[in-house]
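Residue numbers (numbering that gives the first Met the number 0), protein chains in the order written: chain A, 0 to 224; chain B, 0 to 261.
What the hints contain is simulated information worked out from the structure, not anything from laboratory work.
Just to be clear, a hint being listed does not mean it is correct.
Said to hold, decoys possible - Mimicking DSS-like on lysine-lysine, the simulated pairs with C-alpha atoms at most 30 angstroms apart in a straight line are:
#	chain 1	residue 1	chain 2	residue 2
1	B	249	A	224
2	B	248	A	224
3	B	165	B	39
4	B	8	A	224
5	B	39	B	210
6	B	65	B	249
7	B	8	B	249
8	A	224	B	39
9	A	202	B	17
10	B	65	B	17
11	B	17	B	248
12	B	17	B	39
13	B	39	B	8
14	B	8	B	65
15	B	248	B	8
Since this is a predicted model, take the numbers as computed values, not measurements.
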Amino acid sequence: MPPLPPTRQLIPLALAGLLATAIVAFIVVVLFMSWFSNPPFGWGNAPDQPIPFPHTVHAGAVEDGGHAIQCEFCHRNVTTGAAATVPAVEVCVICHKQINGANAKADVAEPETLINIQRVIDKHADGRPIDWERVHRMPDHVRFVHEAHLRFLTQGEERVVTLPVGDETPMTLPVPVQEACSVCHGDIAQMEEVQPQDGQSLKMGTCLDCHRENDVSTDCTVCHK
Amino acid sequence: MPNAQFEHKWGMVADLDKCTGCQACVIACQAENNIPINTKDYFLQRRAYEWIRIERYWEGEYPNVKARFMPVLCQHCENAPCEPVCPVFATYHNEEGLNVQVYNRCVGTRYCINNCPYQVRMFNYWHPNWPARMENQLNPDVTVRTRGITEKCTFCVQRIRRGELKVESQGGNRLNDETIAGGNYDPACVQACPTNALMFGDLMDPNAAIKPYFDDVNAHPGHGEHDRETRGYRLLEEMNTRPSVIYLKKVDQYPLPGKGGH
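Take these sequences, add in the hints, and give me the full structure.
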């Protein structure tokens, strides 16, 4: 077999070079996107809940058709402990004993809504918990105490701080609990479905920026356990 | 002043006169800090995980034998030999006088273990596992260390943080003497010790019960140890690691023939 002309000899080499470039470019793009998007590519966004829970209806303003329930009414541990906690079915039934299929308001009386309300009441009657899916998950080695952060935002004397989260407008503290939650979690009251991407990134940089800005310690052992 | 909250310098005193070698501190530490359960194999390979251990020494010849016990934990040295050898800054000294091990930074070179004169650092040679359903009793305040990293006593930093939060949320000052004396900050071993042989405290607190021992030992370092008014001494004092743990000598009322009082 006669040798190929020099130009055709280079074809396999050029193909290999193109392939290598494409692979490297792909890896770089993936790394960049996963670093700067939160959560990466939307993975880890709100999973489907066993029963849809629209925060708009429960925590939304009354003008918007909500019921303006305070955050800490359901997430009871948020002002006293580390975890905010998801309420027990009993807490749901405090209201849904009355607000059930028999006497729901006309505007919410869609058949699907009534079925979902009935499922909550049934769970309570059976004495079984609702297996809510966790939306915000911290790594195992992080200690985040809601109580301490809410104490900073909702208590103490009046002061103006700049929190390096959101639009970075100076805030006058203390603020009501509902506003304090929104600093990191976004405006939950406007969310049909809570999405981590609508709130603050839960990356370490976000924590550190705020700790530095407010003269809180940045020692590893403050947050890591 | 940045980091104004660091007004602590934690220290411990181990009174060997009170220590009976009962191992309650070892068990308490294991339960508190999610330490895997050691098997016979682990000990035979000298790879057992013990953040605090009771060292046992025999004194005298049979039948005139006495057992001596000494609890040994991370000494949280001020001049810690483990710190400068870490290539990734996984171990460092924080402003509270704690020698901190950052598990996520650790790459498992084991230089620190080899450089520690007290043999209190442990390497995770295996994936941690517990008998079925015992994972349910893991302490959520302490992370479970994975294979391939070094771990050691933290002076129960999770309890220190919890104590600080408890004091603060009650509107108190975390430097208040009463709150420290109230045991808000005590590590698991100190809490479990039935004879109060272990004492824990804050050296920045002028009224701390452990402070006189530290003052005395610091005033008479090294060869001045015979001038000390208390029974205090540090482990391997000649290495100048300046540990935050002070031991008090045992005083034996009935010494063995030919032996001193301690």
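Structure-based check of each hint:
1. 249(B) with 224(A): violated, 35 angstroms
2. 248(B) with 224(A): Not satisfied, since the Cα-Cα distance of roughly 34 angstroms exceeds 30 angstroms.
3. 165(B) with 39(B): Roughly 40 angstroms between the alpha carbons, so the hint for residue 165(B) and residue 39(B) is violated.
4. 8(B) with 224(A): holds, 19 angstroms
5. 39(B) with 210(B): violated, 40 angstroms
6. 65(B) with 249(B): holds, 12 angstroms
7. 8(B) with 249(B): holds, 26 angstroms
8. 224(A) with 39(B): Measuring from Cα to Cα gives roughly 29 angstroms; hence the hint holds.
9. 202(A) with 17(B): Cα-Cα ~48 angstroms, so violated.
10. 65(B) with 17(B): With a Cα-Cα distance of about 15 angstroms, the restraint between residue 65(B) and residue 17(B) holds, given a limit of 30 angstroms.
11. 17(B) with 248(B): Judged against 30 angstroms, a Cα distance of about 10 angstroms means the pair holds.
12. 17(B) with 39(B): holds, 29 angstroms
13. 39(B) with 8(B): Not satisfied, since the Cα-Cα distance of roughly 37 angstroms exceeds 30 angstroms.
14. 8(B) with 65(B): violated, 36 angstroms
15. 248(B) with 8(B): holds, 23 angstroms
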